[in-house]
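Protein chains: 2
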Amino acid sequence: MGVSRQILLLSSSTVHGTEYLKYAENEIKSFLKNKNVQRILFIPYALQNHDEYTDKIRSAFVKLGYEVDGIHKTSDPILALNQAQAVYVGGGNTFQLLKSLYDNSLLEPIRKKVLQEGLPYIGSSAGSNVATVSICTTNDMPIVYPPSFKALGLVPFNINPHFLDADPTSKHMGETREERIKQYHELPDVPPVLGLREGCMLHVDGDKATLKGISGAKLFDPSKGASDYEVGSDVSFLLNIQ
Amino acid sequence: MGVSRQILLLSSSTVHGTEYLKYAENEIKSFLKNKNVQRILFIPYALQNHDEYTDKIRSAFVKLGYEVDGIHKTSDPILALNQAQAVYVGGGNTFQLLKSLYDNSLLEPIRKKVLQEGLPYIGSSAGSNVATVSICTTNDMPIVYPPSFKALGLVPFNINPHFLDADPTSKHMGETREERIKQYHELPDVPPVLGLREGCMLHVDGDKATLKGISGAKLFDPSKGASDYEVGSDVSFLLNIQ
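These protein sequence lines are chains X and P, in that order. Take 1 as the starting number for the first sequence in this note's numbering and just add one per residue. Take 1 as the starting number for the second sequence in this note's numbering and just add one per residue.
Hints are computed from structural coordinates only; laboratory data are not their basis. Hints are supplied without guarantee of correctness; some may be wrong.
Residues from chain X that keep clear of chain P, each with C-beta distances beyond 12 angstroms, as calculated [as the list claims (entries may be wrong)]:
| id | residue |
| --- | --- |
| 1 | 17 |
| 2 | 18 |
| 3 | 30 |
| 4 | 33 |
| 5 | 36 |
| 6 | 79 |
| 7 | 140 |
| 8 | 144 |
| 9 | 146 |
| 10 | 150 |
| 11 | 199 |
| 12 | 221 |
| 13 | 227 |
Facing chain X, a subset of chain P residues (Cβ under 7 angstroms, in silico) [stated by the list, open to error]:
| id | residue |
| --- | --- |
| 14 | 20 |
| 15 | 48 |
| 16 | 133 |
| 17 | 137 |
| 18 | 180 |
| 19 | 183 |
C-beta: ideal position from N, C-alpha, C; glycine also.
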């Protein structure tokens, strides 16, 4: 792993009752300031309507002082990536997002740009899922079939975005989020899963990883079980997983 | 489609506050009586521990007067299927279930036995998902990678088991079940999705399909939108989808 990676992974783009990205505004500005970013390359693949999605994201980022380019508008996505100052991968359907990244041969170029050249990467929801080793802990429906569940591997573990603690009063018999993650951990050789509650972000600065935002995270380790981490926690140890 | 197919698809094995399969007991007995079934072949692939799972299912079915054989105990699953009087496919992780069906080359043999020879098929949750055209509307996490999302195709549409109506008071920002199904329906050439609420079953008797159980279903049609169906509704039109 390179020491210069700059990654900000949001559980969700929005928390209840606020505008798109509002809760993460200061964090995003501070994240991009170090690299003097003025334009953001947006990857809208997680939703069907790329133009509409890009317009929505542009409105949010323009308020923060950034220009936004939709990668779908360019004839050469890899060139656009190579020229980008920062990339934002939005939420939607994780399977659709990952399949489109494969269809456009973007996985290896993004991995290289982020890990070796320090391109700032912001992901939200599905965009956070694809930043990890695999999409095996997404909450989304498998509406399209990607060539693999293997993802960017910018961090060596899995994320469950929109992580939701079980409701003890619920009468619903479908598996809780925790039960689903436990089923994953019954398999051999699978990494820990970081459940980011809505409003939580993981900030990776080189070899340092910190929880930010307005809610914490729950970490599921296949051998050690579950443990809670508050906002502000240093979780750099997660970057050392082999 | 053959006229003799006998299929019972449960949203869930259990409803809140009752024992395993309790709410569906009478329906299962009446379903199996016509074929004079005494032994049930159980497919436990959706969970990791096949022995433990089979023991649990055996306890439930023994009370109803049926013997249970776990397909994992035989050296020749296809032979076991060919000799079976009825099959029960239990819930758990849909991806794991479908992958194991592929690994054991069981899809085509099950399809043939059910559609051409009238082998009674009971599915619950993941076992209902794999009975449809694809697992594209499962709620489960993609913990393993099956060779395809294409499933048994015993009925020509999709099912969403454990269907849950949106909670208008929720502050959770993750997509509702309905929003996820709508994302699926933005794709071209996808079939309707029958959202079976917990406690609902779909009974297919040849060319007749009826909703049974203690709760109804919500049908999502890519062109016509959503509509509710009560217990007792005749939904045979769903079997005519091309």
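task: Enumerate the violated hints, using their earlier numbering and listing them in ascending order.
output: Hints 1, 2, 7, 8, 9, 10, 11, 14 and 16 not satisfied by this model.
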